[in-house]
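Guided by the hints, dock chain B onto chain A, whose structure is given.
Protein chains in written order, with the numbering used here: chain A, 1 to 340; chain B, 1 to 290.
No lab work stands behind these hints: they were computed from the structure. Given the structure is predicted, the values throughout are model-derived calculations rather than measurements. Please note: incorrect hints may appear among the correct ones.
Reference listing, derived: stretches of chain B covered by chain A, where coverage requires no fewer than 3 residues with Cβ under 8 Å from a Cβ of chain A [as the list claims (entries may be wrong)]:
| no. | segment |
| --- | --- |
| 1 | 15-29 |
| 2 | 93-101 |
| 3 | 109-119 |
| 4 | 230-238 |
| 5 | 272-281 |
Glycine included, C-beta positions come from ideal geometry on N, C-alpha and C.
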Amino acid sequence: MPDISKHAASPPAAVLAASWPILVLLAALALVPALSAAVDNPFLIRLFTRVVIFAIVAAALNFVLGFGALVSLMHAAFFGIGAYVVAIFAFHDFDGSPLWIFPGTSNLAVTIPLAVVLTGLAAALTGVVSLRTSGAYFIMITLAFNQMLFYFFVALQKYGGDDGLQILSNLDFAGLNISKRVTFFYVSLGVLAASLLFFGRLVNSRFGVILRAAAQNERRVIALGISPLRYKLAAFVISGAVTGLAGALWATGQQFVSPSDLSWVRSADFVVMAVLGGMARVWGPVLGALVIVLLEALLPGLTLYWQLPFGLIVILIVVYLQGGLADLFGKMRPAAGGGH
Amino acid sequence: MSASLFIEQLLNGVQFGVMLFLISAGLTLVFGIMNLINLAHGALYMTGAFLAAAFIKITGNFFLAAVLAMALTALTGAAMEWIVLRKFYGRDHLDQVLATFGLILVFNDLVRLIWGVVPVQLRLPGPFSGSVPLMLDVQYPAFRLLILAVGLLVALGLYLVVVHTRIGMWIRAGASNRPMASALGVDVGLVFSLVFAAGAALAGLAGLMAGAISSVQVGMGEPVLILALVVTVIGGIGSIRGAFIAALMIGIVDTFGRVLLPPALGSMVIFMLMAVILAFRPKGLFPVHA
Numbered sequence: 001m002p003d004i005s006k007h008a009a010s011p012p013a014a015v016l017a018a019s020w021p022i023l024v025l026l027a028a029l030a031l032v033p034a035l036s037a038a039v040d041n042p043f044l045i046r047l048f049t050r051v052v053i054f055a056i057v058a059a060a061l062n063f064v065l066g067f068g069a070l071v072s073l074m075h076a077a078f079f080g081i082g083a084y085v086v087a088i089f090a091f092h093d094f095d096g097s098p099l100w101i102f103p104g105t106s107n108l109a110v111t112i113p114l115a116v117v118l119t120g121l122a123a124a125l126t127g128v129v130s131l132r133t134s135g136a137y138f139i140m141i142t143l144a145f146n147q148m149l150f151y152f153f154v155a156l157q158k159y160g161g162d163d164g165l166q167i168l169s170n171l172d173f174a175g176l177n178i179s180k181r182v183t184f185f186y187v188s189l190g191v192l193a194a195s196l197l198f199f200g201r202l203v204n205s206r207f208g209v210i211l212r213a214a215a216q217n218e219r220r221v222i223a224l225g226i227s228p229l230r231y232k233l234a235a236f237v238i239s240g241a242v243t244g245l246a247g248a249l250w251a252t253g254q255q256f257v258s259p260s261d262l263s264w265v266r267s268a269d270f271v272v273m274a275v276l277g278g279m280a281r282v283w284g285p286v287l288g289a290l291v292i293v294l295l296e297a298l299l300p301g302l303t304l305y306w307q308l309p310f311g312l313i314v315i316l317i318v319v320y321l322q323g324g325l326a327d328l329f330g331k332m333r334p335a336a337g338g339g340h
Numbered sequence: 001m002s003a004s005l006f007i008e009q010l011l012n013g014v015q016f017g018v019m020l021f022l023i024s025a026g027l028t029l030v031f032g033i034m035n036l037i038n039l040a041h042g043a044l045y046m047t048g049a050f051l052a053a054a055f056i057k058i059t060g061n062f063f064l065a066a067v068l069a070m071a072l073t074a075l076t077g078a079a080m081e082w083i084v085l086r087k088f089y090g091r092d093h094l095d096q097v098l099a100t101f102g103l104i105l106v107f108n109d110l111v112r113l114i115w116g117v118v119p120v121q122l123r124l125p126g127p128f129s130g131s132v133p134l135m136l137d138v139q140y141p142a143f144r145l146l147i148l149a150v151g152l153l154v155a156l157g158l159y160l161v162v163v164h165t166r167i168g169m170w171i172r173a174g175a176s177n178r179p180m181a182s183a184l185g186v187d188v189g190l191v192f193s194l195v196f197a198a199g200a201a202l203a204g205l206a207g208l209m210a211g212a213i214s215s216v217q218v219g220m221g222e223p224v225l226i227l228a229l230v231v232t233v234i235g236g237i238g239s240i241r242g243a244f245i246a247a248l249m250i251g252i253v254d255t256f257g258r259v260l261l262p263p264a265l266g267s268m269v270i271f272m273l274m275a276v277i278l279a280f281r282p283k284g285l286f287p288v289h290a
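If we strip away everything but chain A, and leave its shape as in the complex, we get (with noise of 0.2 Å):
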């Protein structure tokens, strides 16, 4: 095969000069708990942990979206697969039943690491079928799948169905005291680093460069002799085991996961994020769940029909806002081809 890494490679320098406006985002952030001690609001921690856990998903999306060109609406359901892997064994080791032939364990040590391995095989599995398609068939049959996996969770009356299944086990991670808030924080604030940093690293790798490539031009990388259908799917995969990653930290954070966890709406909602933060950008993401975290917890304050101006909002973003926020920081072109 072609040897097409070497382009890829930006000196250290270089990456480090585009990002830091991330990294100043990252030490703002930090600094989260320290403020909510001073102003005595610990409101403050959880919306801010909220913030940090949607923007491992949109990051995690934006793999798939912004470099592979590929329009998921399906990452809330691999979003809630994570979260319930968490919660299910969480309650047979309350309930003190077996699940099938495993005990269940609260030891998030063994969860969180199961969590991502069946979410990346759901994102395997689904990803076989609907990557076979493009375009806006692909788009609609994620759509679907989520649908399916919400109605998969809404059925299951042991766990909750419709009304959601609480975490009434004490969680804990290898000894680790998960439980306070602030430690909780600063773990998901470091899965949010090292996830960015394993994307950028991935973006610019020799795969990431077949990735962006098939997306730009499919035809042209399989004239080159590469399979992109492998490459596709391998970073489908990734991206939703991330996304698992990221829901079993939603659900140890809220000790509770029900089916609106995956409501399609969710999975429109990341790729809000992703687009109005700016896909270009392997941190662009961030920007957005930041932004859209903070409206939708401020907006319903204001009114009660706080939907219509974030609908409004919504659509103005897509007519006027192209490169997304990151491009306050410096234009840049497009990663990927859009979504055709």
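Below, chain B alone, put in the same frame as chain A:
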């Protein structure tokens, strides 16, 4: 399963199928002609139901209210196309998905503002509020039979219009090759506006009929929209015939799946059917574009 239960479920399935067809017909043509994903199509379904509820209150006549509601839903659809969607024909699918997602949020809140959050019940028209004996021991709600008949008549009407009239020829030409149809003198923009308004009216009709057998509430269009997308994808985007066959298939499989299979599986069975069909025919059963 006894014979009478089987017949009852089969009727339920076909009735659900024709309803899905009414929603999918507009969706698949809009998609086929303008290559536009309209997630807000379900909002028109909801609009039709709420308008019918309002007109029933004013006129007291279900059928008059239904006609008025369909007309006003068509106008709403035309306005939606004129004000927002027109800007998105040339844009990529991602932008269309986001813009029409925004439209759903706007529609939901507008309906909430006007009609409130409490679900509304539609009063069934007198002669159709009871049940009729079908055979031996099978009683079946008359209104569901009416839905079945209306759905089949509309399907037949659509077939005649699309296959045997000049405007139908333009629609088919537009769906199979828009630039070519336009080069041959078809005003694709105008045809499309008509199709969009007609599709909206059919979605509104489906919404008011569904509203009459369950209830009319905010957000009712979204689960239905996703089923309509499944129908569109299975049938082949842009194909009316495909949409009809796929809609009946989904209606029947979903109904029997819920009766025969355990709940967790029954609710997933149509999506699995979609996955299996697409694994063999990635462009659906009746692909329109070569």
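Okay, the hints, checked on the actual structure:
1. 15-29: With 0 residues in contact (Cβ-Cβ under 8 Å with chain A), the coverage given for the segment 15-29 of chain B is violated.
2. 93-101: Result for this restraint: holds, n = 7.
3. 109-119: Holds, because 4 residues of the segment 109-119 of chain B bring their Cβ atoms closer than 8 Å to Cβ atoms of chain A.
4. 230-238: holds (count 4)
5. 272-281: With 5 residues closer than 8 Å to chain A, the segment 272-281 of chain B meets the three-residue bar; holds.
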